Amino acid sequence: MARKSTAAKVGTQPVRNSTLDLAHLSVREINQLLHDADGGDFLIQNPRGLHAIAAGLDGDFNVTIDGHVGYYCAGMNKRASVMINGNAGTGVAENMMSGRVHVKGDVSQSAGATGCGGLLIVDGNASSRCGISLRGLEIVVKGSVGHMSAFMAQAGTLVVLGDAGDALGDSIYEARLYVRGQVGSLGADCVVKDMRDGHKAALRRLLDAAGVGGGLDVSDFRRYGSARALYNFHIDNLGSY
Amino acid sequence: MSRRNDRWVHTPRRSSAIFDKYAIAEIHRAAATGIYDIRGFGAKRQLPHFDDLLFLGASISRYPLEGYREKCATDVTLGTRFAKKPITLKIPITIAGMSFGSLSAPAKEALGRGASAAGTSTTTGDGGMTREERQHSSLLVYQVLPSRYGMEPDQLRRADAIEVVVGQGAKPGGGGMLLGQKISERVARMRTLPAGIDQRSACRHPDWTGPDDLQIKIEELREITDWEKPIYVKVGAARPYYDTALAVKAGADVVVLDGMQGGTAATQDVFIEHCGIPTLAAIRPAVRALQELDMHRKVQLIVSGGIRSGADVAKALALGADAVSIGTAALIALGDNHPRWEAEYRKLGTTAGCYDDWHEGKDPAGITTQDPALTQRLDPIEAGKRLANYLAVLTLECQTIARANGKSHVHNLEPEDLVALTVEAAAMAQVPLAGTDWIPGRGRG
Chain G
1 MARKSTAAKV
11 GTQPVRNSTL
21 DLAHLSVREI
31 NQLLHDADGG
41 DFLIQNPRGL
51 HAIAAGLDGD
61 FNVTIDGHVG
71 YYCAGMNKRA
81 SVMINGNAGT
91 GVAENMMSGR
101 VHVKGDVSQS
111 AGATGCGGLL
121 IVDGNASSRC
131 GISLRGLEIV
141 VKGSVGHMSA
151 FMAQAGTLVV
161 LGDAGDALGD
171 SIYEARLYVR
181 GQVGSLGADC
191 VVKDMRDGHK
201 AALRRLLDAA
211 GVGGGLDVSD
221 FRRYGSARAL
231 YNFHIDNLGS
241 Y
Chain F
1 MSRRNDRWVH
11 TPRRSSAIFD
21 KYAIAEIHRA
31 AATGIYDIRG
41 FGAKRQLPHF
51 DDLLFLGASI
61 SRYPLEGYRE
71 KCATDVTLGT
81 RFAKKPITLK
91 IPITIAGMSF
101 GSLSAPAKEA
111 LGRGASAAGT
121 STTTGDGGMT
131 REERQHSSLL
141 VYQVLPSRYG
151 MEPDQLRRAD
161 AIEVVVGQGA
171 KPGGGGMLLG
181 QKISERVARM
191 RTLPAGIDQR
201 SACRHPDWTG
211 PDDLQIKIEE
221 LREITDWEKP
231 IYVKVGAARP
241 YYDTALAVKA
251 GADVVVLDGM
261 QGGTAATQDV
271 FIEHCGIPTL
281 AAIRPAVRAL
291 QELDMHRKVQ
301 LIVSGGIRSG
311 ADVAKALALG
321 ADAVSIGTAA
331 LIALGDNHPR
341 WEAEYRKLGT
351 TAGCYDDWHE
361 GKDPAGITTQ
371 DPALTQRLDP
381 IEAGKRLANY
391 LAVLTLECQT
401 IARANGKSHV
411 HNLEPEDLVA
421 LTVEAAAMAQ
431 VPLAGTDWIP
441 GRGRG
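Residue numbers (this note's numbering), protein chains in the order written: chain G, 1 to 241; chain F, 1 to 445.
Okay, chain G solo, but in the shape it has when bound (with noise of 0.2 angstroms):
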């Protein structure tokens, strides 16, 4: 049934800043509305799950999504900033390319996916695959991570300030990971690596852009990445498969 469309424009110029109720508006409308605009600030409610809210923004935008929100939120975001007041889906901010976004609760599998820059703040735990694929995007996580984070990782930087599941950064390239508490297990090419005073530049400046207190001592991180054996395919190294 299509839904009723609250008045969200004036004329053809969409209002800078709306309060818009999936309630009553339909995902594409809001996301129309949002893609039509050039940026401004706007108050999401009612996201019920519904999958890419918000998706494909490209502006000078402050998004508030209150509620919880289904997969691929803020998917391939540019610019905007996007703060979700609850959980999201799989795929939250995909392939974002710069910009912000914060999700207050729980984040399910592939957060971050492929993520090319920007920031994404989880205040509470990332399933599965978190960071997988990175290819710049700068990840926190302030409580854990599932297994196979940060899978495959190519750039960017991945902190989590709680654990870390099995397999972490299977595969590596040139991703930085940051764990504060234990790792599960890492997966094939990913090694310890030296925390030097750069990393913990580095690190303090990542986690005040997080907002994360002063309280915590970046010598309490341990610094992942890879050991670049893996880099060209050597018969000798099979068994690292």
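Hint data in this document are derived by calculation from the structure and do not stem from the laboratory. Being a predicted model, the structure only gives us computed values, none of them experimental. Cβ atoms here follow ideal geometry from the backbone N, Cα and C, with glycine treated the same way. Don't take every hint at face value.
Straight-line Cα separation of at most 25 angstroms, SDA-like style, residue types lysine to any residue; simulated pairs [to be verified]:
1) G/Lys193 / F/Pro194
2) G/Lys78 / F/Lys362
3) F/Lys362 / G/Glu29
4) F/Lys85 / G/Lys193
5) F/Lys85 / F/Met295
6) G/Lys78 / F/Arg189
7) G/Lys193 / F/Ala195
8) F/Lys85 / F/Trp227
If you only want the chain F side, here are some residues facing chain G, beta carbon under 7 angstroms, derived [stated by the list, open to error]:
9) Gly34
10) Asp198
11) Glu220
12) Ile224
13) Ile381
Please build the complex by placing chain F on the supplied structure of chain G, with the hints as guidance.
Chain F in isolation, oriented as in the chain G frame:
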């Protein structure tokens, strides 16, 4: 006993049917290296194929069209199910996805030039969209691959259609592979990888698994592009009935079905030759799935894998495809495996017609390489003209056959126009064995 008669007292020299010269050579190669063989091209073994089908042509009961006077249309519109902006091709032949990285920049440009001149589309590949191919492709399909190398929303929006790649016929279930010698600085930058490493693409998408997730993924892609672009789903021919049905269920506008003869830039030989099913065997189950869902001609079907001639095009269309896609044949049209490079092929230990080490980046024709000196050998304008010529010939041939069978549009070709030369082909294509009314296995598709 004279020497002349010695040969009669020994076991005659006899080659083994199963340990043939290729099998023996491969055992020697494996024993020498300890690693499987990687190569490009597609399946080379003998398989049931379009050559095993014949068109009947017109007769007393079928009325032909005049070959040079009566019109036989070839246009096809893709994306009519959901997309706000479906794309229309002048010919039912598209250029398959091939990456910049596996191919040189001039080769990608040439594909765009040739396809555009013919009024059809070309397709990106792993690594995203290059400026050359966008600039020279009037219709460009943007692939969303498991690796997501180079994937950017702006490129999605610049595309004319989107193709979610689940698999390819040469290696259904396998990811991409681009060895270090082809990871140039530019390729590495586009893929966010260190230069010179062996790039191993994922075989599964990072943010969805299964048809229910795929449906949501497609919904996201439509939302990001405001429901404008046709969305294709490409599958390797493995379980075509179910994969087609599931792609339709997931919301695809177009299903791309790639048989095991489909090409690859670099894959294990064992994968190429032993996984998937032949193109001929895949079409009818896919069409049956569409027909049962009342989606035939509503969700378009593009078939690829071993298309070489206008006869192949016509046969694929007659079996129910809306269009075909070519990859290997397009590269050959650009100049791959051309005898003019024979001396250089010999230096590489091969010969024109057999060169398939596309992964090594040493292609004398400048097509499957990133070597600056080699890539300069390919003139994208000239190569584009060759491709346009080839596409014109395929189209003319297809029209010739269609007119002979009395069709004013190539889409009017139908299974009833075909017979099979072998029992296997008859069973796979679900058309009668020539001279009989016997269709083996009829009813089970």
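Checked hints:
1. G/Lys193 / F/Pro194: holds (19 angstroms)
2. G/Lys78 / F/Lys362: The given pair, whose Cα atoms are some 39 angstroms apart, is violated under the 25 angstroms limit.
3. F/Lys362 / G/Glu29: violated (52 angstroms)
4. F/Lys85 / G/Lys193: Roughly 51 angstroms separates the two Cα atoms, so the pair is violated.
5. F/Lys85 / F/Met295: holds (19 angstroms)
6. G/Lys78 / F/Arg189: Answer holds: G/Lys78 to F/Arg189 is near 20 angstroms, not above 25 angstroms.
7. G/Lys193 / F/Ala195: holds (22 angstroms)
8. F/Lys85 / F/Trp227: holds (8 angstroms)
9. Gly34: holds (5 angstroms)
10. Asp198: At 5 angstroms from the nearest chain G Cβ, F/Asp198 passes the 7 angstroms test, so the hint holds.
11. Glu220: At 4 angstroms from the nearest chain G Cβ, F/Glu220 passes the 7 angstroms test, so the hint holds.
12. Ile224: holds (3 angstroms)
13. Ile381: Given a least distance of 34 angstroms, the restraint on F/Ile381 is violated.
In summary, the structure is inconsistent with hints 2, 3, 4, 13 from the numbered list given earlier, while agreeing with the others.
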